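A.B. asks: Residue-level listing of the chains:
There are 2 protein chains.
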Amino acid sequence: MPRLQSKFCRMCGGSMAIIQPEGDKEWRHVCNSCGYIDYFNPRMVVGCVVEHEGKILLCKRAIEPCRGLWTIPAGFMEIGESSAAGAERETYEEAHARVQVLSQYAHWDIPVIGQAYILFRAKLASPFTFSSGPESLEVALFDPASIPFDQIAFSSISITLRHYLQDMASGQWHLHHGVIDKVPGAAPNDPASFQLKDHFSMPVTLSQQ
Amino acid sequence: MPRLQSKFCRMCGGSMAIIQPEGDKEWRHVCNSCGYIDYFNPRMVVGCVVEHEGKILLCKRAIEPCRGLWTIPAGFMEIGESSAAGAERETYEEAHARVQVLSQYAHWDIPVIGQAYILFRAKLASPFTFSSGPESLEVALFDPASIPFDQIAFSSISITLRHYLQDMASGQWHLHHGVIDKVPGAAPNDPASFQLKDHFSMPVTLSQQ
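Here the protein sequences come in this chain order: A and B.
Sequential numbering from 35 applies to the first sequence in my numbering.
Sequential numbering from 35 applies to the second sequence in my numbering.
These aren't lab readings, by the way, just hints derived from the structure by calculation.
All of these numbers come straight from a predicted model, not from anything done at the bench.
One or more hints might be untrue.
[Said to hold, decoys possible] Under 10 Å between C-beta atoms, here's a sample of chain B residues computed to sit facing chain A:
hint	residue
1	R37
2	S40
3	F74
4	E98
5	R123
6	I152
[Said to hold, decoys possible] 25 Å max Cα-Cα, derived BS3-like pairs, lysine-lysine:
hint	chain 1	residue 1	chain 2	residue 2
7	B	K216	A	K231
8	A	K157	A	K94
9	B	K59	B	K41
10	A	K41	B	K41
11	A	K157	B	K89
12	B	K231	B	K216
13	B	K94	A	K59
14	A	K94	B	K59
15	B	K94	B	K216
Using N, Cα and C, we set each Cβ at its ideal position, and we do this for glycine too.
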């Protein structure tokens with residue numbers, strides 16, 4: 035049975051219990067008074083690998099978790115926007131960079147934390163400038179050889195950047211889909227705490243470059 | 035300002051207000067007593083286009099919305115599973131069919147209803163049988179020419195099946211990514227109420243067939 039994450043009913047303020055509703059295989063948070071079911075679903079994190087003149091844009095995080103470590107611009111998708119629009123929004127918020135999305139690049143599920151990363155290839159767009167947004171200490175373009183892999187914030191971002199550099203070097207782009215299997219409770223950036231499973235790596239041809 | 039969807043605080047039972055927290059560009063549900071922010075995020079619907087001997091598996095819905103109309107097996111992704119595993123689970127629940135997932139096929143965002151469809155290509159697996167699950171009135175294999183496009187439950191499924199048949203006929207598979215722009219409040223299956231926008235159609239080569 036999952037732990038109680040919702041103590042009171044959103045609809046009537048009654049107390050909540052964790053039960054298996056009839057016909058449902060899952061445990062749900064159900065209101066003892068009005069029967070409202072408070073579903074918890076996985077959330078999407080959307081972001082961009084931004085390339086400019088052969089370099090990749092990274093942000094040094096100004097907030098926890100992983101303050102001081104580097105990541106690509108990414109964050110939770112909002113209701114009312116598309117995943118690509120959300121990735122562009124996060125890139126502007128975190129790096130003050132305007133970008134053009136070229137294609138989806140990866141879909142990584144992380145079941146243990148209930149997240150899916152939907153990441154895009156993008157290129158820096160006019161006016162080709164960037165600077166730190168409120169959640170970043172620093173924003174910089176990195177040569178592939180200079181990416182600080184020992185200071186990357188999240189397992190999903192390490193995995194993305196490693197595949198991106200391989201694709202970039204070979205000139206054969208892929209659409210990556212896979213599952214990041216993490217040790218529950220592990221630190222977000224512990225390289226020994228995760229592995230990539232069920233990896234589909236599909237060579238793609240892009241019409242819009 | 036969005037309408038109030040959460041009247042009471044999940045954490046303390048206090049009353050909720052819709053405000054813009056400092057540093058946030060979005061309106062949020064915030065507790066007047068303890069400050070808890072109740073975020074609403076888009077949800078993922080996961081499913082499979084299941085092919086067997088050149089035919090496609092469809093389910094006639096036994097539940098609303100769109101009871102009596104046809105769809106592919108799909109449903110909300112659960113925390114703790116991957117999108118592909120969720121698609122397999124839904125296929126078993128709705129069609130009692132075991133499948134092998136071949137690759138991701140499409141990602142469709144539907145911003146107006148806060149959903150993203152993550153759909154997979156799959157083939158029927160041993161024991162190659164199927165029957166109606168509790169949410170289906172009927173399950174059947176359709177020849178491409180016999181798919182009942184005037185009786186398909188959801189815009190996302192019509193769009194998926196049309197692209198799938200094109201790819202199947204040409205032998206060139208694609209990874210599709212796009213945005214389904216719906217008229218707010220329109221019926222789920224009104225063909226005049228939606229259009230596909232920002233469609234990236236990436237030719238793919240599959241190594242795992």
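A.B. asks: Do the numbers back the hint for E98(B), that is, is its least Cβ distance to chain A under 10 Å?
C.D. replies: violated, 15 Å
A.B. asks: For the restraint on I152(B), tell me whether the closest CB of chain A is nearer than 10 Å.
C.D. replies: For I152(B), the interface hint holds, since the closest Cβ of chain A sits about 7 Å away, which is under 10 Å.
A.B. asks: When you check the alpha-carbon spacing of K231(B) and K216(B), does it fall within 25 Å?
C.D. replies: holds, 10 Å
A.B. asks: Was the hint right that F74(B) lines chain A, CB cutoff 10 Å?
C.D. replies: For F74(B), the interface hint holds, since the closest Cβ of chain A sits about 6 Å away, which is under 10 Å.
A.B. asks: Would the hint linking K157(A) and K94(A) be met if the CA-CA limit is 25 Å?
C.D. replies: Status holds; Cα separation ~19 Å.
A.B. asks: For K59(B) and K41(B), compute the direct alpha-carbon distance and say whether it is at most 25 Å.
C.D. replies: With Cα atoms ~21 Å apart, K59(B) and K41(B) stay inside 25 Å; holds.
A.B. asks: What's the verdict on K94(B) and K216(B), does the C-alpha distance respect the 25 Å limit or exceed it?
C.D. replies: holds, 23 Å
A.B. asks: Given the hint that K216(B) pairs with K231(A), test it: the Cα-Cα distance must not exceed 25 Å.
C.D. replies: Status violated; Cα separation ~35 Å.
A.B. asks: Between K94(B) and K59(A), does the CA-CA distance stay at or below 25 Å?
C.D. replies: holds, 21 Å
A.B. asks: With a cut-off of 25 Å on the C-alpha distance, tell me whether K41(A) and K41(B) pass.
C.D. replies: Roughly 14 Å separates the two Cα atoms, so the pair holds.
A.B. asks: So, R37(B) near chain A? Judge it on the closest CB pair being under 10 Å.
C.D. replies: Violated. Min distance 12 Å.
A.B. asks: Given S40(B) was flagged as interface, is its beta-carbon under 10 Å from a beta-carbon of chain A?
C.D. replies: holds, 4 Å
Of the numbered hints given earlier, the model fails hints 1, 4, 7 and 11; all others are met.
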